[in-house]
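Assemble chain B onto chain A, guided by the hints.
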Amino acid sequence: MSVAIQFEDISKQYRLGEVGTGTLSHDLHRAWARLRGKPDPFGKVGALNDREERGGEYVWALKDVNFTVEQGEILGIIGRNGAGKSTLLKLLSRVTAPTTGSIKTKGRIASLLEVGTGFHPELTGRENIYLNGAILGMQRREITRQLDAIVDFSGCAKYIDTPVKRYSSGMTVRLGFAVAAHLECEILVVDEVLAVGDAGFQKKCIGKMKQVSGQLGRTVVFVSHNMGSVMGLCDRSCILVNGVAEPPMPTKLAVKRYLQLNEQSQNPETSATISLTPNSSFQFHKIELCSDEGRNAFRFSIGQPVRISLEYECRQEVPGLEIAVAIFNSYETRLFTVERSQHFKQQMQVGFYSESVAIPANTLVAGEYSVTVAAFVPNSQILQSLKSVVRFSAFDDGFHFSRYVGADIGVVQVDCAWSASQNADSSVV
Amino acid sequence: MNSPDDDDGDWDLVIRPNSSVFTLQLGEVWRYRDLLYLFTRRDIVAFYKQTILGPLWFFIQPIFTTLVYVLVFGRIAGLSTDGLPQILFYLCGITFWNYFSECFNKTATVFKDNAQLFGKVYFPRLIAPLSIVASNLIRFAIQFSLFLGFCFWYWWQGKIHPNAAVLWFPIIVATMATMGLGFGMLFSAMTTKYRDMVFLLSFGVQLLMYATPVIYPASEIPASVAKYLAWNPLTPLFEATRYGFLGAGNYSVSGLAYSIAFAVVMFIVSTAVFNRVERTFMDTV
Numbered sequence: 001m002s003v004a005i006q007f008e009d010i011s012k013q014y015r016l017g018e019v020g021t022g023t024l025s026h027d028l029h030r031a032w033a034r035l036r037g038k039p040d041p042f043g044k045v046g047a048l049n050d051r052e053e054r055g056g057e058y059v060w061a062l063k064d065v066n067f068t069v070e071q072g073e074i075l076g077i078i079g080r081n082g083a084g085k086s087t088l089l090k091l092l093s094r095v096t097a098p099t100t101g102s103i104k105t106k107g108r109i110a111s112l113l114e115v116g117t118g119f120h121p122e123l124t125g126r127e128n129i130y131l132n133g134a135i136l137g138m139q140r141r142e143i144t145r146q147l148d149a150i151v152d153f154s155g156c157a158k159y160i161d162t163p164v165k166r167y168s169s170g171m172t173v174r175l176g177f178a179v180a181a182h183l184e185c186e187i188l189v190v191d192e193v194l195a196v197g198d199a200g201f202q203k204k205c206i207g208k209m210k211q212v213s214g215q216l217g218r219t220v221v222f223v224s225h226n227m228g229s230v231m232g233l234c235d236r237s238c239i240l241v242n243g244v245a246e247p248p249m250p251t252k253l254a255v256k257r258y259l260q261l262n263e264q265s266q267n268p269e270t271s272a273t274i275s276l277t278p279n280s281s282f283q284f285h286k287i288e289l290c291s292d293e294g295r296n297a298f299r300f301s302i303g304q305p306v307r308i309s310l311e312y313e314c315r316q317e318v319p320g321l322e323i324a325v326a327i328f329n330s331y332e333t334r335l336f337t338v339e340r341s342q343h344f345k346q347q348m349q350v351g352f353y354s355e356s357v358a359i360p361a362n363t364l365v366a367g368e369y370s371v372t373v374a375a376f377v378p379n380s381q382i383l384q385s386l387k388s389v390v391r392f393s394a395f396d397d398g399f400h401f402s403r404y405v406g407a408d409i410g411v412v413q414v415d416c417a418w419s420a421s422q423n424a425d426s427s428v429v
Numbered sequence: 430m431n432s433p434d435d436d437d438g439d440w441d442l443v444i445r446p447n448s449s450v451f452t453l454q455l456g457e458v459w460r461y462r463d464l465l466y467l468f469t470r471r472d473i474v475a476f477y478k479q480t481i482l483g484p485l486w487f488f489i490q491p492i493f494t495t496l497v498y499v500l501v502f503g504r505i506a507g508l509s510t511d512g513l514p515q516i517l518f519y520l521c522g523i524t525f526w527n528y529f530s531e532c533f534n535k536t537a538t539v540f541k542d543n544a545q546l547f548g549k550v551y552f553p554r555l556i557a558p559l560s561i562v563a564s565n566l567i568r569f570a571i572q573f574s575l576f577l578g579f580c581f582w583y584w585w586q587g588k589i590h591p592n593a594a595v596l597w598f599p600i601i602v603a604t605m606a607t608m609g610l611g612f613g614m615l616f617s618a619m620t621t622k623y624r625d626m627v628f629l630l631s632f633g634v635q636l637l638m639y640a641t642p643v644i645y646p647a648s649e650i651p652a653s654v655a656k657y658l659a660w661n662p663l664t665p666l667f668e669a670t671r672y673g674f675l676g677a678g679n680y681s682v683s684g685l686a687y688s689i690a691f692a693v694v695m696f697i698v699s700t701a702v703f704n705r706v707e708r709t710f711m712d713t714v
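Quick mapping for you: the protein sequence lines, in order, are chains A and B. Going by my numbering, the first sequence opens with residue 1, and the numbers climb by one from there. Going by my numbering, the second sequence opens with residue 430, and the numbers climb by one from there.
Just chain A, same shape as in the assembly:
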């Protein structure tokens, strides 16, 4: 197979913060270096794109990206928000130029970073089909030839001579995609435009893309963070992590690896060390999740207890001090709350405490959870409250309700007594 797109050492640097007089001085430095034939003095600066790290003025949104796309394949590009997916697409669609490196392509590229680009609200649907088609690089002749097919595909035939500003947003999107779907190109670059539109429309889009690549032998580059659509569509995928690309691999492997990477990066949330607040009479020091196997667990089987260990310090005796732990599910519903005084009645003394609360096995259902802890005096004063301080996920490893795949079985499991007694008189039921 021949190569359709080749990325060679592609990097893209962005400047952070606002444009002001500071940038002017950098620009002047750059111009001065260029005049003397020196390399860009700021070309070396810049951290890899890790959003959580602070500081630095320049950032590499992409760094030395090298890979090739074969002709006729559908290549997925996956990565977390801010991993550089959109930047890669922008470079490929020539919206902006790379800082270093080159991209070589064979064949006409059509890029769909958005559907309905350049629609003018005052113009009619028909006029906008022409305008949008021309923006995407079609000739008027081509559009006229395909006009009927485009109108049919969009399902807006009745409104075609009405200004687009009167359209519903769904109709606008459909019209936009209809134009794009009839583009004649060898390489199609698609962003997460499919995220808009209803399920039926998404199905139509995916079908169209499969057809474009399968029957017509065109190359598709598809960017998404929806694993479902990537798995359904792409033969190979490429993972982007903080602007660095891993070589393309079969999609199944890539998705598995991507999920693993995500899990690693989420692990720190299973344990929280709380910064000190001086002059407070109460202080949480550390909240941590423990499983039966050990500390710092993230994934729990639902047949396993979830232990939340609390380290805190009582600096002054506060009459009526209460400590509570609450569990929230991913819909931010508070499932239940546990209070310390349910188990320990006596007034808390000054000192350090290390305690743990266990959620019994077979209480939660599969899902994502967060834990909130608080120290307070009921109905009068909150000493310290830590919202969603740690998170964990519970997975189903086979329990009673596993046979109902995907069905709603409620938000918690409760071990209720179900007593049965034989009725003496069988005629009374």
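Be aware that a few hints might be false.
DSS-like, lysine-lysine: derived pairs with alpha carbons at most 27 Å apart [said to hold, decoys possible]:
#1 LYS158/A <-> LYS208/A
#2 LYS203/A <-> LYS252/A
#3 LYS256/A <-> LYS203/A
#4 LYS38/A <-> LYS622/B
#5 LYS165/A <-> LYS203/A
#6 LYS541/B <-> LYS165/A
#7 LYS387/A <-> LYS286/A
#8 LYS210/A <-> LYS256/A
#9 LYS158/A <-> LYS478/B
#10 LYS345/A <-> LYS387/A
#11 LYS541/B <-> LYS478/B
#12 LYS478/B <-> LYS165/A
Just so you know, these hints were derived from the structure itself, not from any lab.
Only chain B this time, still in chain A's reference frame:
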């Protein structure tokens, strides 16, 4: 990126950090000529959509402006019009000045106005400023026909004396368009990163009109100021137009040559600046 790129021949397109500064990519622009046409049409049609008078609005604006100018500059201020009928004098100035200033103003904000579009799809960026010049040319043609109508009326009454200098007309319009485009592209390139020039632009065009013989004839400029205003490349264009159509004005071939040379140099410089900026302006706009 340091390797010699001798294998480029096999590829249809190679995307690199920097492209040559002086290319106009006319081949690309030609390939997108339909887009140029559709943009131009959009600008014209969208202007009068949902109006009752429709394209008539293209006439109403210059007529009313002319009436106000006759009242303010002609009657109240009593400015000279070189002995020409006031209506014709001001209409001439307004029609031609509108064309230049619209080209300039609209191209100057082309990056900012189209950021949404430029950020999503590639087409030769030059299409956008060119479409502005083209759609304004159509507007100008409509307004110019109004001016011609008045010309005929006054000519029939023997009040004006058109002459052979009228033949400069297409060259004058082309020069004006090139200059407007050049100035505009330079401004648009300079304002993507630093917005300071936007403020200059908003009143600069207005001031430029007063530095150009639009509402007064060049013959009325005091000698002490004249030597500075002589550098204004727009002056010969307006004077030659007035001389050709109406028969009064400082017409000189050398002045026109200066204007044309200025426009060409301006255009080359602004193309270079525009090309430098267009590839990465999305990151800073």
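Here is how each hint holds up against the structure:
1. For a cut-off of 27 Å, the pair hint linking LYS158/A to LYS208/A stands: about 23 Å separates their Cα positions.
2. Restraint check for LYS203/A and LYS252/A: satisfied, since their Cα atoms lie roughly 21 Å apart, inside the 27 Å limit.
3. Using a Cα cut-off of 27 Å, the hinted pair LYS256/A and LYS203/A holds, with the two alpha carbons roughly 24 Å apart.
4. Of the supplied pair hints, the one linking LYS38/A and LYS622/B holds, its CA atoms being roughly 23 Å apart against a limit of 27 Å.
5. As the CA atoms of LYS165/A and LYS203/A are separated by approximately 26 Å, the hinted pair is consistent with the 27 Å bound.
6. Distance hint between LYS541/B and LYS165/A is fulfilled; the C-alpha atoms sit about 22 Å from each other, no more than 27 Å.
7. The hinted pair formed by LYS387/A and LYS286/A meets the criterion: a straight-line CA distance of about 14 Å does not exceed 27 Å.
8. Using a Cα cut-off of 27 Å, the hinted pair LYS210/A and LYS256/A holds, with the two alpha carbons roughly 23 Å apart.
9. Under the criterion of a C-alpha separation no larger than 27 Å, the hint pairing LYS158/A with LYS478/B is consistent with the structure, at around 20 Å.
10. Only pairs whose Cα atoms come within 27 Å are accepted, and LYS345/A paired with LYS387/A is accepted, the gap being roughly 25 Å.
11. Of the supplied pair hints, the one linking LYS541/B and LYS478/B holds, its CA atoms being roughly 24 Å apart against a limit of 27 Å.
12. The hinted pair formed by LYS478/B and LYS165/A meets the criterion: a straight-line CA distance of about 12 Å does not exceed 27 Å.
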